[in-house]
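Enquirer: Here is what each chain is made of, one letter per residue.
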Amino acid sequence: MRLNFKTYRTTMTYLLLIAVSVVLILPFLWIISTSLKGSESIFAIPPQWIPKQIHWDNYAKVFTKMPFFIYMKNSIFISVMTILGTLISGSLVAYAFACMKWPGRDWLFVFMLGTMMLPMQVTMIPVFVLFKQFGWLNTFKPLIVPAFFGGGAFNIFLLRQFFLTIPKDLFEAARLDGCSEFRIYWEIVLPLAKPALATVAILTFMMTWNDFLGPLIYISDKLKGTLALGLAMFVGQYQTEWGVLMAASVLVMLPIIILFFLFQKYFIQGFMMSGIKG
Amino acid sequence: MKKATGQIIKTSFVIIMVIAAGVILFYPWSRASDDSRRTISFWSCSGQKEDVPFIVTAFNAAQDSIRIVSIAIPWQEQEKKVLTAILSDNPPDAVSQFIPVVKWASRMALMPLDKFIERDQYDTTVFFPALWQEMKWQGHIFGIPVSSASFAFYYNKKLFRRAGLDPERPPQTWAEVVEYNKKLTRYDKAGNIIQIGFFPLYKSSLVASQNSPSTALIIAWEKGASFLSKDGKTVTLLNPPLVEATQWILDFLKPYPINKIEAFAAGFGYGDQQAFAAEKVAMMILPDIFPDYLKQHAPNVEYGIALTPTMPGCPIASSTGSWWIAIPRGSKNPEAAWEFIKFAASKKVQLDARDAMEQNLFPSNRQATADPRFLKDGTMQIFVAHLEHAQSPTIVPMAHDVFWREFYTAQEQIIYGAQSIEKALGTAQSIIQHELDKTLTYDEYVRSKMNFFGE
Amino acid sequence: MQKKTGRIRKSPQQRKQTLLGYLFVSPWVIGFLIFGLYPIIMSFYYSLCQYDVLRIPQFIGFGNYKELLQNDPYFWKSIWNTLYYTVIRTPLVILGSLLLAVLVNNTVKGIRFFRTIFFIPSIITGVVLSALWLWLLNPQYGLFNSILAVFGIHGPLWLQSPNWSKLSIVLMSLWSIGGGRMLVFLAALQGIPTALYEVVDIDGGGWWAKFRHVTVPMVSPVIFLWTILDVIFSFQVFTEAYVMTKGGPLNSTLFYNLYLYYKAFDDFSMGYASALAWLLLVMILVITLIQFLVGKKFVYYEGK
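Residue numbers (this note's numbering), protein chains in the order written: chain A, 1 to 278; chain B, 1001 to 1455; chain C, 2001 to 2304.
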């Protein structure tokens, strides 16, 4: 009886998983199918899911029309550095906001949240002027260095809220034992925060990988471009080669999908393993 | 056993990834150039057909003192990129765009070219008037048009025949368009429109996706509409020609409920789903590049090209637009950039570019359009005639974007039946006027503080 | 759980904590002073000016603000559109992604594969995303209306209809954001001790009871956090409308940030755009503070 119930449950779960998957994956399959089409069948009605004539040359064109591997190298470099900076500095700051007591903390926190709410459209120009003064134009610095200073209010906020859920007793006990704050942060909080750190890492990665505006305004050298920037080049005012654009976007998305598939266990199981809860 | 295999696969996968990452990161991808020529930078837009790389290559091959390095900017964000480049004090030496020259010139972002024009006795009369008009600001010249677009009236011969119309006799007046339309419009069993004779475009999204100008504007221009006073200070959107033109569109669309029209228009897509290519619309004003477009996407469409219909007693009118090249303020090599501009605007290069590229370009240079090499295809005369009668889409230079946003908002309000013609155009006019006043006041203030075009 | 807070600390230790607190938070403070302060001050100054970025600013006091509040129909229109969008989108995003997370918080075989699939929509961005949705939502040949037609339903005009355009954008945002949010909730769900669910099992409760009495309270801090963030993000909605509708039809998708963008980069009225930005800041700040006050009552923090 119990076994039957379990089988029933598993079947239902699979059915549900598959149903939702279909809804979520169908559009992606459309992108892949379009990436293999020539201009004659892209907008055909009804859509051809499997193109009559498969155009692998769309993918070849991506490599000839932009320096794909150079852009990939640049994108990887910028993303890795940004993630590194965000994780290191963001967790420190979040620790200060969540686990320590000091005068002005809550006010500073509200202030920090406030800075997140000013639309970047109006700060973009002054920020640009600032980086110009630093002599950072046409380098990766404007895209990377800010991440080492907290990694943005959004990430700090995320980490802080997570740190708040860690039982206070843990710190108190450690502090009574004469543990230094840094050791508490390093040896107690960070290991416990693995899932949160992994979440921040993947969100930061996606954001940096897809960021188009930053590279657009700071980079003017063709060889310093990023994948997201290269992708935007395939869109024209009158002429867009949809097949090539879709092929390029599949190639740009692929690394994220692979990374996600490989690393998901780190941010999903980390918390269970620690076994500290409750 | 199974677990061990899995681990081997996983480990080797990780190793491969690491090696690949290493190769990508450390391989010396960029090669140093051994070209000793003076290098100047040139920015064009992505999707600017493919003539620009052609011109650049041709220029680099044609002489050996200057080498151009060009990059393409994603066109959606071209303004932001140029804006920040000018702020950076290290702009490209030459830049090519499609937006109004005045938008940059009035903000001191471009270098006046008068000095070069005078020195070289450069013949500026070769450019079509509407294109040249756009290059001027406050008596100075800020850019040189290098290519343009022209429009004409396309009609579908097969659909004409099917409707019992003479495929060699396109409509010559807008009244005839109404007559033809009645015969060319078809419905399905549920009463939905499946084909229409003529479709007036009243929304910016449709105008953009269908590569066709606003119908109301064309008719208003035929009737002699002018939207700005001579001194450039008073907006007259609410003027009789535009009111009449809009009324014509309202009357034209009267037989069709708005939701039917919208559902039908929503089927206009890209590629072979473009309204004319998909044979959903039998008559349409379309650009000169359209024969190529049809060849690529819908080779079976049998079409004719004719002059745009007119209102009784009115001349034809048309729209255009120019790709221009200008030298940004702060350019380090204006002289070399000027040489490049002259090269790109010359008759020979425009003709060569046209022949070399599959996607044809309409020259900005009248000498090029008068050349037999250009006129070998009989229909080109029609496009030249349109371009001679064309008006620039830069209508209120100092409030350009507001003008177009408000123009289409008003059209939409009217077509949806949300507002009367007078009310909608009046509201739009006052908003544009307000923006223009603000810009002019600011302009006056800046002039009093800064030396404008001083050398 | 709560025992030692009553303890009175000695002041040297307190001073040490304060000092260390400042030290830990210093990366952000220094970063803010270097990269953040100047742009924020400048944007406020510009909001008091007529300024087109390429030329000098002209100081006009509160002229921009006055005009916005008294004389700009688009200001109010865009606030209404944005509020509408926020109110509908926020709960749907939270609920939807939480349910997705519950679904993949499972140990059945192949779950990693399903998680990856669920995650994929959130990495599609930009033009590709909009091209995709223009196709999905096309009233004539789009996937949505084709499916509806199978059931004999005559689908709406979606993006072409002033009544449906905002909802269409909500739908698109749900689809494209669900996977990313799912991750966040998944991380939180993994932290819930299975013992709690077993209690419900013993009491004979079904999945709804588990969801209602265990899942929701246990992840309430995360729900709270993302409600706040999603309200902020919803207020800043921009790209979808910019790429797909340009604000139409009949300005029904003219969202606040889209209007701001038009002002800043189409019209080069950076002063006016800055005033818009500062009013937005005030609005979001007030709403966020209210949420914090309300949230305090409902959120269960295990750590406290």
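No lab work stands behind these hints, which were simulated from the structure alone.
Just so you know, not all the hints are guaranteed correct.
Ranges between beta-carbon positions, derived for each pair [to be verified]:
(1) Ile257(A) / Thr1234(B): 54 to 64 Å
(2) Leu29(A) / Leu2285(C): 55 to 65 Å
(3) Pro103(A) / Leu2293(C): 18 to 28 Å
(4) Met120(A) / Leu2083(C): 20 to 30 Å
Below 25 Å or equal to it, Euclidean Cα-Cα: the simulated BS3-like pairs (lysine-lysine) are [as the list claims (entries may be wrong)]:
(5) Lys141(A) / Lys1080(B)
(6) Lys194(A) / Lys101(A)
(7) Lys6(A) / Lys2210(C)
(8) Lys2297(C) / Lys168(A)
(9) Lys1260(B) / Lys1183(B)
(10) Lys1080(B) / Lys65(A)
(11) Lys168(A) / Lys2109(C)
(12) Lys132(A) / Lys1332(B)
(13) Lys2109(C) / Lys194(A)
(14) Lys65(A) / Lys132(A)
(15) Lys2077(C) / Lys1233(B)
(16) Lys1423(B) / Lys52(A)
(17) Lys1182(B) / Lys1115(B)
(18) Lys224(A) / Lys1332(B)
(19) Lys65(A) / Lys222(A)
(20) Lys1332(B) / Lys222(A)
(21) Lys1423(B) / Lys2246(C)
(22) Lys1080(B) / Lys2016(C)
(23) Lys1233(B) / Lys1449(B)
(24) Lys61(A) / Lys224(A)
(25) Lys1342(B) / Lys1332(B)
(26) Lys101(A) / Lys2077(C)
(27) Lys132(A) / Lys1115(B)
(28) Lys1136(B) / Lys1332(B)
(29) Lys2109(C) / Lys6(A)
(30) Lys1423(B) / Lys2077(C)
(31) Lys65(A) / Lys1332(B)
Just a sample of chain C residues kept apart from chain A, beta carbon distances all over 10 Å, derived [unchecked claim]:
(32) Phe2024
(33) Leu2048
(34) Asn2071
(35) Pro2073
(36) Phe2075
(37) Leu2148
(38) Val2150
(39) Gly2152
(40) Trp2164
For clarity, every value in this text was computed on a predicted model and none was experimentally measured.
Glycine included, each C-beta is placed from N, C-alpha and C at the ideal position.
Enquirer: Minimum C-beta separation from Leu2148(C) to chain A exceeding 10 Å: can you confirm that?
Expert: The assertion about Leu2148(C) holds, with a minimum of 14 Å to chain A.
Enquirer: Sort out whether Lys2246(C) lies within 25 Å of Lys1423(B), counting only the CA atoms.
Expert: Holds, at roughly 23 Å.
Enquirer: Do the beta carbons of Leu29(A) and Leu2285(C) sit within 55 to 65 Å of each other?
Expert: Violated: the Cβ-Cβ distance is about 43 Å, outside 55 to 65 Å.
Enquirer: Does Lys2016(C) lie within 25 Å of Lys1080(B) when you go C-alpha to C-alpha?
Expert: Distance of about 48 Å is beyond 25 Å: violated.
Enquirer: Taking the minimum C-beta separation from Pro2073(C) to chain A, is that value above 10 Å?
Expert: holds, 21 Å
Enquirer: May I ask you to check that Asn2071(C) keeps its beta-carbon over 10 Å from the closest beta-carbon of chain A?
Expert: holds, 21 Å
Enquirer: Taken at face value, is the distance from the CA of Lys2077(C) to the CA of Lys101(A) at most 25 Å?
Expert: Roughly 44 Å between the alpha carbons, so the hint for Lys101(A) and Lys2077(C) is violated.
Enquirer: Regarding the pair Lys6(A) and Lys2210(C), is the alpha-carbon distance no greater than 25 Å?
Expert: holds, 17 Å
Enquirer: Would the hint linking Lys1332(B) and Lys222(A) be met if the CA-CA limit is 25 Å?
Expert: holds, 19 Å
Enquirer: Would the pair Lys1182(B) and Lys1115(B) pass a check requiring their Cα atoms to be no farther apart than 25 Å?
Expert: Distance ~57 Å between Lys1182(B) and Lys1115(B) Cα, so the pair is violated.
Enquirer: CA of Lys2077(C) to CA of Lys1233(B), is that 25 Å or under?
Expert: violated, 28 Å
Enquirer: Would the least Cβ to Cβ distance between Leu2048(C) and chain A come out above 10 Å?
Expert: holds, 13 Å
Comparing the model with each earlier hint shows violations of hints 2, 11, 14, 15, 16, 17, 22, 26, 27, 31, 32; every other hint is respected.
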